[in-house]
Amino acid sequence: DAKTTQPPSMDCAEGRAANLPCNHSTISGNEYVYWYRQIHSQGPQYIIHGLKNNETNEMASLIITEDRKSSTLILPHATLRDTAVYYCIVRVVRNNNAGNMLTFGGGTRLMVKP
Amino acid sequence: GAVVSQHPSRVICKSGTSVKIECRSLDFQATTMFWYRQFPKQSLMLMATSNEGSKATYEQGVEKDKFLINHASLTLSTLTVTSAHPEDSSFYICSAIKGNRGVETQYFGPGTRLLVL
Numbered sequence: 001d002a003k004t005t006q007p008p009s010m011d012c013a014e015g016r017a018a019n020l021p022c023n024h025s026t027i028s029g030n031e032y033v034y035w036y037r038q039i040h041s042q043g044p045q046y047i048i049h050g051l052k053n054n055e056t057n058e059m060a061s062l063i064i065t066e067d068r069k070s071s072t073l074i075l076p077h078a079t080l081r082d083t084a085v086y087y088c089i090v091r092v093v094r095n096n097n098a099g100n101m102l103t104f105g106g107g108t109r110l111m112v113k114p
Numbered sequence: 001g002a003v004v005s006q007h008p009s010r011v012i013c014k015s016g017t018s019v020k021i022e023c024r025s026l027d028f029q030a031t032t033m034f035w036y037r038q039f040p041k042q043s044l045m046l047m048a049t050s051n052e053g054s055k056a057t058y059e060q061g062v063e064k065d066k067f068l069i070n071h072a073s074l075t076l077s078t079l080t081v082t083s084a085h086p087e088d089s090s091f092y093i094c095s096a097i098k099g100n101r102g103v104e105t106q107y108f109g110p111g112t113r114l115l116v117l
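Protein sequence lines, in the order shown, are assigned to chains A and B. For the first sequence, our numbering begins at 1 and goes up steadily by one. For the second sequence, our numbering begins at 1 and goes up steadily by one.
It should be emphasised that the hints constitute simulated quantities derived from the structure, not laboratory data. Note that CB positions come from ideal geometry on N, CA and C, so glycine has one too. Be a bit skeptical, because a hint or two may be false.
As the list claims (entries may be wrong) - Reference listing, derived: stretches of chain B covered by chain A, where coverage requires no fewer than 3 residues with Cβ under 8 Å from a Cβ of chain A:
hint, region
1, 40-51
2, 105-111
Stated by the list, open to error - Ranges of calculated distance between the beta carbons of each label pair, as one might list FRET restraints:
hint, chain 1, residue 1, chain 2, residue 2, range
3, A, S25, B, M45, 21 to 31 Å
4, A, P114, B, A72, 40 to 50 Å
5, A, S41, B, S73, 22 to 32 Å
6, B, S83, A, E58, 44 to 54 Å
7, A, G106, B, V3, 23 to 33 Å
8, A, S9, B, K66, 31 to 41 Å
9, B, E52, A, Q45, 23 to 33 Å
10, A, T56, B, G16, 46 to 56 Å
11, A, R81, B, V3, 13 to 23 Å
12, B, L26, A, E58, 13 to 23 Å
13, B, C13, A, E66, 45 to 55 Å
14, B, G61, A, S9, 25 to 35 Å
Please build the complete structure, drawing on both the sequences and the hints.
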C-alpha cells in the first residue's frame, strides 16, 4: 500500500489560497490520489482526485508532480468554513472484487483564520 | 456529488442492548459499501466491506459476530452492534462507491454517534 505523509496542521488566512502538501513516494502507476476533508463531527467529504494530470473542480485544484511522488491540494480562496482535517489518500486496490477501500492517515488539520 | 444518508444520526443505548445503523445511497446504486469507526481525535478506521448479496469482509481485529452487516439491496447496508458495551461508543461512518472500477469515488454518510451507557 502506498502511504502518504502530510503535515499535521496548517494555518491559512481567510481569503488566501491554502496549499496542502502530500507526499506519496511509493505510489504505483495505477493508483489514484484522492483528497477528502472532514469537518468536525461530520462524515468525510470528497474533494477531488487525479492520476497524472492536474485537476480542477468547483472546490479545489490538485497539482500532481511529474514523478507522481507528491501532490498539492489548493483551495484558491479559503473561507472559515474550509476549516477541517484534509486527508490525502492513495487508493488501495484489492483483488477480491470487493471494491477499493480507502486508508485514512492522520491528515492535515487546516485552520482558516479571519 | 452523490448522497449517502445514515440513520440514526445519534443514538444512546444501555449496555447489553443491540443497535442498528442504516446506510443508504440515495441517488445511486452501490454494490459495495464500507463501514468505518472513528474514536475521538483519531482518524477513520475501516471495520468491514459490505457486499450486496454476499457476506461482508471484516478487517483484522473486528469481531464479525459483534458487528453484523447486512447489504440486502443496492442502496442499503445495515450495521448492527450486538450486545453493545461502553467501549463500543464511537462515531460510525459508512461510505458507498459510485462509478466504474478504476474511476470510482467513495461518498460518505454523515455518521452516527453511538453512546453506550
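Structure-based check of each hint:
Counting residues of the region 40-51 of chain B whose beta carbon lies closer than 8 Å to any beta carbon of chain A gives 6, which meets the minimum of three for the stated coverage. With a cut-off of 8 Å between beta carbons, the region 105-111 of chain B has 7 residues touching chain A; three or more are needed, and the interface restraint holds. Separated by about 24 Å at the C-beta atoms, S25 of chain A and M45 of chain B satisfy the suggested range of 21 to 31 Å. The given range of 40 to 50 Å is respected by P114 of chain A and A72 of chain B, whose C-beta atoms sit roughly 48 Å from each other.
At about 28 Å, the CB distance of S41 of chain A to S73 of chain B agrees with the hint of 22 to 32 Å. Checked against the hint of 44 to 54 Å, the C-beta distance between S83 of chain B and E58 of chain A comes to roughly 45 Å, which is consistent with it. The beta-carbon spacing between G106 of chain A and V3 of chain B, approximately 28 Å, falls within the hinted interval of 23 to 33 Å. Distance hint check for S9 of chain A and K66 of chain B: the Cβ-Cβ separation is about 35 Å, which falls inside the suggested range of 31 to 41 Å.
Hint check: E52 of chain B to Q45 of chain A, Cβ distance near 24 Å, so the stated range 23 to 33 Å holds. For the pair T56 of chain A and G16 of chain B, the beta carbons lie near 52 Å from each other, so the given range of 46 to 56 Å is met. Distance hint for R81 of chain A and V3 of chain B: a CB-CB separation of about 19 Å, consistent with the stated range 13 to 23 Å. Separated by about 21 Å at the C-beta atoms, L26 of chain B and E58 of chain A satisfy the suggested range of 13 to 23 Å.
As the Cβ distance of C13 of chain B to E66 of chain A is approximately 53 Å, the hint placing it in 45 to 55 Å holds. At about 29 Å, the CB distance of G61 of chain B to S9 of chain A agrees with the hint of 25 to 35 Å.
In summary, this structure violates none of the numbered hints.
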